[in-house]
Amino acid sequence: MRINKDLKMAEVIHMNHHLLPVLNRFDIYLGFGERTVEVVCKDHKINLNFFLEIVNTFHDPTYFPLRHLQSFKASMLIEYLRKTHSYYLDVKIPEIGQYISEIVQCSGFEENHRNLVKNFFDQYRRELTNHINKEEQGVYPYVLRLEKVLDSPRSSQETFDDLHKYSINEYEEDHDDVESKLFDLKNILIKYLPPVSNYKLLNLILHEIFELESDLNNHGHIEDLILVPIVENMEKEFHSRFANHGSNV
Amino acid sequence: MSNRICILLIEPSFLIREGLKTLLSSQGQPYRIEEFDAPVDDLDKLVNRINPDLVLLNPKLVIRLINLPRRNENIFEPYYIGLIESDAPTHIKGKFDQILNLDAEKSELNKIMEKSLRLIHNGNSETENTSLSEREISILKLVALGNTNNEIADKLFISAHTVMTHRKNITRKLGIKTVSGLTVYAILNQLIKLEEVQGV
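Note that the protein sequences, when read in sequence, are chains E and H.
Taking our numbering, I'd label the letters of the first sequence as residues 1 to 249.
Taking our numbering, I'd label the letters of the second sequence as residues 250 to 449.
Quick caveat, the hints were computed from the structure, so don't treat them as lab data.
For glycine and all other residues, C-beta sits at the position ideal for the given N, C-alpha and C.
Subject to a maximum C-alpha distance of 16 Å in a straight line, what follows is the list of computed EDC-like cross-link-like pairs (lysine to aspartate or glutamate):
1) E:Lys134 - E:Asp177
2) E:Lys45 - E:Asp27
3) H:Lys426 - E:Asp177
4) H:Lys442 - E:Glu111
5) H:Lys442 - E:Glu110
6) H:Lys270 - E:Asp60
Have a look at the derived ranges for each label pair, beta carbon to beta carbon:
7) E:His239 - H:Glu357: 52 to 58 Å
8) E:Arg145 - H:Ile299: 32 to 38 Å
9) H:Asp293 - E:Gly31: 55 to 61 Å
10) E:Lys8 - H:Phe263: 24 to 30 Å
11) E:Gly33 - H:Lys364: 44 to 50 Å
12) E:Lys200 - H:Glu363: 28 to 34 Å
13) H:Lys364 - E:Phe210: 21 to 27 Å
Excised from the complex, chain E in its bound form (with noise of 0.2 Å):
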């Protein structure tokens, strides 16, 4: 069922309570009453449209956002993937590594098998970090100075030849490797450790890593199907109108 603006927000955590951490991002917590989403929204000064793209995209894997591409900003989608982001590194990734370290200490655990575990988890750690990092550090510097520059094209003839130089496409690389290891990750766990004492934490983190992986295949899902189209639009309008600010031209 798509969640729409009438919709109870408590009935939405009702439909899917994985959307949680989503509604955090919105800085939206529990203790809505009967408050519906419009009303929740405009409370919290969130563009409905927008929220509802995000939520209904999270919620329903085959949903396709088309019809409000163009009501809501490249700048807002950013800063909901940046607290995206910060939830995976900031929060997520150093719970499950505690847990990680927990679990390696406990009986059941040979000896030799303790950093094996907990150094495959670093590196996927590191390989996480390093990903994010190149968005932070690339793709969304681009894209909001693509954005400042049809909002004021006031800019600097280094702005206008930097921006017809790149592509949002030059940036949509696979992220192959990441996703595996947090695949080959589930696999060990479920299939290949040897039972351990603790298996209530092992649960859990196993638990911990089907939400992580589920919440980074929607992030994916959402660069691919909302920033991406938006911005090819953005890139659209750039050459179209200044197609002479370009050095190369």
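Got chain E sorted already, so can you dock chain H onto it with the hints?
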């Protein structure tokens, strides 16, 4: 290799399409779906463009149904499920890998969907042996110790292409894709010793 399977759904009835998606979602297999509700002129072209793993097809919507298009002459790629009534003619039924009878009960529908998705997911062989062969174990050891495909090919006197094929099979059987993941597996299973590996 993504876990998400790609489905092509060709069926005129909105209710049936929605019902099928509910059925698919209840299987817990991530998928993405392309839907068509109008007659299809050129099924070959459509299948080629979308490149699905699974096609759910109501044959009434195909103008001239002669052969179902396949990749590499591989019988199950893509996997075709026919959406037809029980009294449909046999020569139509025979073209499909599986028939989903639209009057069937829920448990029957679930069973067929589950079986089909399992077949697609397992690289289409129903009774595959999932433990590693001797050859695969020796290749896995060399991979885990940091050898490249070419180095492994030289050591075992086989072609790099053959090494690749073995590696694909290893990954499919174990569910582990990365070299460092394979190294962890090899150590946990005492195929190699921790001391032999650099930087794990």
